[in-house]
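**Q** Given two chains presented individually in distinct reference frames, assemble the corresponding complex, making use of the accompanying hints.
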Amino acid sequence: MSAHLRRLEAESIHIYREVAAEFRNPVLMYSIGKDSSVLLHLALKAFTPSKPPFPLLHIDTTWKFREMIAFRDKRAAALGLRLIVHTNQQGVADGVTPFTHGSSRYTDVMKTDALKQALSAHRFDCAIGGARRDEEKSRAKERVMSFRSANHGWDPKNQRPEFWRLYNCRINEGESVRAFPLSNWTEADIWEYIALEEIPIAPLYFAAPRPVVQRDGKLIMVDDDRIPLAEGETPEMRRVRFRTLGCYPLTAAVESEADTVAAIIAETLAAKTSEREGRMIDHDQPGSMEKKKREGYF
Amino acid sequence: MSAPLPTTEGDQELLRFLTCGSVDDGKSTLIGRLLHDSKLIFEDQHAALERDSAVSGTVEDGLDLALLVDGLQAEREQGITIDVAYRFFATEKRKFIAVDAPGHEQYTRNMATGASGVDLAVILVDARKGVLTQTRRHARICALMGVDQVILAVNKIDLTGYDQTVFDVITAEFMTLAKELAFASVTAIPLSALKGDNVLERGAEMAWYEGPTFLQALEAAPVGGSASDAPFRMPVQWVNRPNLDFRGFSGTIASGVARIGDAVAIAPSATASAIKEIHSQTGPVAAARSGEAVTLVLEDEVDVSRGDVIGAAGTPVAVTDQVAAHLIWLDEAELPPGRPYIMKIGTATVGASVTEIKHAVNVDTQEHVAAKTLGLNEIGFCNLAMDQPVAYAPYETDKTLGGFILIDRISNATVAAGVIAFGLRRASNLTWQDLDIDKRSRARLKDQKPCVLWFTGLSGSGKSTIANLIEKRLHALGKHTYLLDGDNVRHGLNKDLGFTDVDRVENIRRVAETAKLFVDSGTITLVSFISPFRSERRLARELLEEGEFLEVFVDTPLAECEARDPKGLYRKARAGAIKNFTGIDSPYEPPEGAELHLQTVDLTPEQASDAVIARLREEGFI
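Residue numbers (our numbering), protein chains in the order written: chain A, 5 to 302; chain B, 576 to 1197.
For reference, chain B alone in the conformation it holds in the complex (with noise of 0.2 Å):
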């Protein structure tokens, strides 16, 4: 027999929606127009407006409603929104939490913050442009955040003399586009947030429309079932020790039911266990349910951690390390596909790279176009790789497994958000083959430890002259060393990239493998590359053992490298017969952590040689 559950009676349901829609459309005005004529703002928030108005005010003589909403320094001198903004308030019918969200396109990754986790969209036309790039934009990442509701809310309709067919051809052209995105609900409102009508009062010039006024449509709106039916699933966020007596694995429950005493399997190890403990918000409990924050403890002694998720043993949590997935790019600088990132899905965080960008999304015609890269706010249909396997699930049936973000390795940045159409399965059928022959044994035979040697430095440095000067060394001392020169390498390897920034990533990647590949063979390998990112001279080293990866930074100023000029590039470069030369206008990221770093202004070659030899010595590679 199943334990009981708690109960979820009383409850006045609380609805999340966002506002969005394009500039001006009255985003900030609608929300501040809802606050007002409920009567849910407070005496000394009215005095404030009242005086505000008359300062920073776009109504004449009246009450500038959106600096109710607008609270940023900066958004009321301009009278814009920037950031999203949450506004809390409650009918007698039930909670709201109103999120209002930017119209510009330049703060589109905040509009996408707002969409994420709310249960219906307010997507706002002004009557008198219709549907717009931005309105298009806006339902898009509403789709693709997994938001199905929709009020088009047709505003200044006032402005039209109350036109009918102004809001009959607005709504038609929008559902257009609402039956592509397949949004499982769209109620269309002709309104004036100005005046109030459609928003608490029916329009006195609007006998035409007979639907609900604008509050009426969000009371009525039905709230996302919880996924109560869905397997048992939960990512563990906390391991609880306090003493040895106990361990609990803490995490808020995403689906299902757990009871005690269910099987239970643990993803990605696939371990089996069963549910011994549940302590809930209010203390032990037999079973708990989806969006409970909990602590279970395992009857088995199992290898558990952050990241893990516990799933019902019956259906088990799909894992993989590969995935396609839409993206939203949110980072000023383009998507490099092949640049290694953090990405954060579930509680999990594992490296991970696009691999190919499918397709973008051209927002405007909703057309699929071929894309090398995302820019800042683009949509694209991506696969990714990640570094390790990890629990998922399709966004479509669990937004907590389905969705991930990624997150640049040096700046921190968030840079884009993801969620999840499917796993791929490549990684399963393409089994890796066991030799017997292994790099230890390799290496043994040659009578030495293989390492990388990685000289990076702008162009003219010297990093090719030091680097062939060692390699003599070590062939005279007899050992088995290789050269990947980064002129030669792109005669061959890599003669199909070019010299942007995703090309340059690329022929970073194939490098690092190749070097991977002579390391193996028991190989001491010198690259000498410009590399100018950190980010690919970081997965160059994480390719590699510990200890493998020895970075070299060929440190020669600028001017001196400009000087010297051995190929003539700089002179090109700076004629602009060059682009995207390293120095001059694509930038170069010195290392920060090298193993060595060579000031070539005070070393000749020779000894700049010396010090590296030495070192090799040192670390007992020779």
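Chain A extracted, bound-state conformation (with noise of 0.2 Å):
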């Protein structure tokens, strides 16, 4: 391995450990894409022979793929790991969904509001995330131990200072951190590490026959029946992956032959787009990814 991950993966173990011995209790986001494989990777790394020192945190929004709710509950069993899983009941109850109430407004109640309100009944007062630095532009100005007011609101124009690796885990009752150990990991860092240190992802990752269909020029898969199919409009098997995971109907597939690690990493090193490009969360309104992190979101 070549020393830049090598450095990489030690910062990150320092952070964890900074989280380990400084927060009360912490828990670790689990939210089941590669990102969270290195992450969790990582943590098992940081504290053996001991077992990670904190549970998973899965917000689960009722509209992941299938195969990562397998995925998750695999990894999870095969670790010994305790995964706790939360979902907004009060949006299932009021019907919330991606395609009745548009995608600002469903990540608002089923992923952000999900996420303070699982926060505030463990009380956790750390929570670590697997948010990279080059992912968007309000990540890349984010600090690694990234302070949350009592109601998990985040304040960009006044960060806490962060010197060297001196983290101010500081905080009083109901205030809580987002500790964010992959900060300075690129994607390629990200998929050259798990090529390495062979670590399993989800099999969504890696191009197979999927049924999808076309809207607004986006490959969107048909994971079930409560997709709403517009006159005409017939699911077609092709070839995809995703480059990122998250709720099926807002992630866009690309078409790809890449059906390894290696293939994958020959493939981000050329790709012309950026990751999140996919994401439409991300481009639903001007600066929206910092307005979601300001209320809460990760």
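Among the clues, some could well be false.
Some chain A residues judged to face chain B by a derived CB distance under 8 Å, without partners named [said to hold, decoys possible]:
1. GLU13
2. ILE17
3. HIS18
4. ARG21
5. GLU22
6. PRO53
7. SER142
8. ALA144
9. GLU166
10. THR190
11. MET241
12. ARG242
13. ARG243
14. SER278
15. GLU294
Calculated cross-link-like contacts (lysine to any residue; reagent style SDA-like; alpha-carbon spacing at most 25 Å) [what the hints assert, rightly or not]:
16. A:LYS68 with A:ARG219
17. A:LYS222 with A:SER107
18. A:LYS55 with B:PHE821
19. B:LYS668 with A:HIS90
20. B:LYS1147 with B:ASN1069
21. A:LYS55 with B:GLU874
22. B:LYS1024 with B:TYR1057
23. B:LYS668 with A:SER6
24. A:LYS222 with B:LEU624
25. A:LYS55 with B:PRO817
26. B:LYS668 with A:ARG10
27. A:LYS55 with A:HIS90
28. B:LYS851 with B:ASP804
No lab work stands behind these hints, which were simulated from the structure alone. No residue lacks a Cβ here, since even glycine has one placed at the ideal position from N, Cα and C.
**A** What follows is the structure, encoded as structure tokens:
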């Protein structure tokens, strides 16, 4: 492994150990994607031979790909880790779906609100996430230990200064911190690391024939029969894969032949668009991600 | 024979660099230009840039490359950079992390955040404006943070008609500054971020310039060698204890090499042991070097916890409870010397306060100026005292054990960053004289348990009246007491102190120390002081032993105090004749966990003193 990746790995482990030492009740945000897979792998390394001293939390919007849920349960069981799954039941009762309420409102209710509910209910004082600074412009601005007010808000104009590796983890009752061990990793680093460490990832990342419909130039997978089809719209089988994973109606597939990690790396290095292009919620309004983050989104 | 070290071959050396300088010198545009011309921008990002440029761009009829970096809404709206942005890119030669810092003085602490931990700083200067105060401030902060390679980017050279004289004059002026700040290398480059001259491609109009382009300079910069040849040091982050058979100490090796069998000394306790096992990122190994995250198992059952430093036995880690350090102040409120803060150094967290400001620095003239305090973004050279010995090193030799931050105990804000110049040995020269008669024996003779009754409240709230009444009653009961009254102490011990925040802190510190002496003599000590700040009352509390400090909040509403105005002080304060008067133009922070809360509107002074006497009985003080 290159010294570059070893250094990134060491930095992530260092951040994990700071979290474990400084917080009373941390939680690992496990979103099942490739970054979460790396995040989990690093957590195992940081604390071995102990198990990571925190549970995993998955916010289940009920609209995740079925293969994601299966992969999640398999991993947690194999590793013997405690997995907390939380769904915003009020949102379900109110019938909030990406089709009826629009991607922005849906995300607010089923992801951001759900996350805040779970963090408050379990009184977690630190939520560890897999966000990377190279993903998006407002994420490029975020600290490694990012302070959140008692109502989970982020104030990007007034972040705590952060020097060297001296993370200020001190908070008052009700406040919390979002910790980002993968801050300085890039998408290429993640894939290279997955290949070298043979980290298991969800099968959706690999190209396979899947039923899709084309909407606004984007390929949406028909993962179950809840997706309303327009008249004359019929799913067709195409060889596709996903660069990022989210809720299936909001995550576009790309046509691809890449069915190995090596092929994915080759494709990633040659890519002309960013991985988040397929994430509708990043683009539903100007400054989308920052706005969501200020309100508590990861 | 020593074990082989892990190799570092096949590394594309990573360079972390900072772009800084004054507002509008084109920092974000330069990074944007670098990404754009290196074809490092994705198509969807390019399309977004075109849309954004049309909406909020500041470049007429063109792409505003700064928008690639300025990611916050407020930044895009105002066309400024507020916080540091991290951008990642790679050329064929190496990988880069570009850290784009804000130029406004108001956001200096974000710039300083960016400067900690980079290998090189790009300091931009607008060719038309030359070296400005902010250029000097940023250069000084880079030097303070130990960044010793600089690229001086003289930007917007196109707007001077590519004038070599302009470039030479600016370079000469900066070199004078650079010499004082002792940078190891400075490369000056004339360029235009907007047009792309000398960024990736040579500028056609600058035949007179023969040095490297900006990208060439970045690709050629040496990366600070790893600290493998320094003695082994590892601050302990976390104790790994999955079961009774395993006890490992986890941390990142700050310097040197650890090998199985090596003798180690643990600071600050100076306990000795040897390395038995090393668990690295790849599993069990025979040796590990600086930068690796490891878990060490030692030969002996020694007491090691978070904050301790495991070091090579031959060159033990230095330990002190006082240091001299350069400090950059980051808080809106100015530094009050003497106020207790939380210090984070290495992995240790201790209490610390600034005991003396030796001088502040005028960033414009480089002069040392006398200072009683440091304001936002000011840099000073200070002495600090810690409440317990910690492992440390001068920042110059060890960035991990030489850098620290100070955290406010109430707001938890990071209020300062510091780098240690050297340790002070005063504490070790001034040994504590052990006395045969102790507090307990003195108290026994007096047939009481000593304590401090700390009365806090607004001026005119009734503190002194109630305290006086209580002392009379204790006296009548045959108890030994002493009353320290705010006004009286200010006539003697504290007559050199005024009423600024800084002086108020010192006022309380002296009274708390005095109260501690009285308690040590076995005396029940009553302190009647406005003591408006929580952090100072906490300082007093922490000077005393657990259970010895009883905070009595004499809670009288401001309006009531002002109506009473027994000394006519509120009238004067309202008229502006007294400055910094608590409750009027200086804050009072009410206690949050006072042992006794006396709401005087519903109580006579007699009833209030009854409550206090009852409490003293309950707790066995009398």
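**Q** Classify the hint on ILE17 (chain A) as holds or violated, based on whether any CB of chain B lies nearer than 8 Å to its CB.
**A** At about 4 Å, which falls below the 8 Å cut-off, the nearest Cβ of chain B leaves the hint on ILE17 (chain A) intact, so it holds.
**Q** Given the hinted pair LYS851 (chain B) and ASP804 (chain B), is their Cα-Cα distance within 25 Å?
**A** At roughly 22 Å apart (the allowed maximum being 25 Å), ASP804 (chain B) and LYS851 (chain B) satisfy the hint.
**Q** Going by Cβ atoms only, is ARG242 (chain A) closer than 8 Å to chain B?
**A** Where the cut-off is 8 Å and the nearest Cβ of chain B is about 21 Å from ARG242 (chain A), the hint is violated.
**Q** Can you confirm whether the C-alpha distance between LYS55 (chain A) and PHE821 (chain B) stays at or below 25 Å?
**A** Holds. LYS55 (chain A) to PHE821 (chain B) sits at ~13 Å (cutoff 25 Å).
**Q** Take the shortest C-beta to C-beta distance between GLU166 (chain A) and chain B; is it under 8 Å?
**A** Check passed: Cβ of GLU166 (chain A) comes within 5 Å of chain B, closer than 8 Å.
**Q** Measuring from the C-beta of ARG243 (chain A) to each C-beta in chain B, is the shortest one below 8 Å?
**A** Nearest chain B Cβ about 22 Å off; hint violated.
**Q** Next pair to validate is LYS55 (chain A) with HIS90 (chain A); report whether the Cα-Cα distance is within 25 Å.
**A** 22 Å, holds
**Q** ARG21 (chain A) was flagged as interface toward chain B. Is the shortest Cβ-Cβ separation under 8 Å?
**A** With a closest approach of 4 Å, the ARG21 (chain A) hint holds.
**Q** Within 25 Å, alpha carbon to alpha carbon, are LYS222 (chain A) and SER107 (chain A)?
**A** Holds, because 15 Å separates the two Cα atoms, which is no more than 25 Å.
**Q** Answer holds if the nearest beta-carbon of chain B is closer than 8 Å to that of HIS18 (chain A); otherwise answer violated.
**A** 5 Å, holds
**Q** For the restraint on GLU22 (chain A), tell me whether the closest CB of chain B is nearer than 8 Å.
**A** Check passed: Cβ of GLU22 (chain A) comes within 6 Å of chain B, closer than 8 Å.
**Q** Does ASN1069 (chain B) lie within 25 Å of LYS1147 (chain B) when you go C-alpha to C-alpha?
**A** Holds, at about 22 Å.
In terms of the numbered hints stated before, the structure departs from hints 11, 12, 13, 19, listed from lowest to highest.
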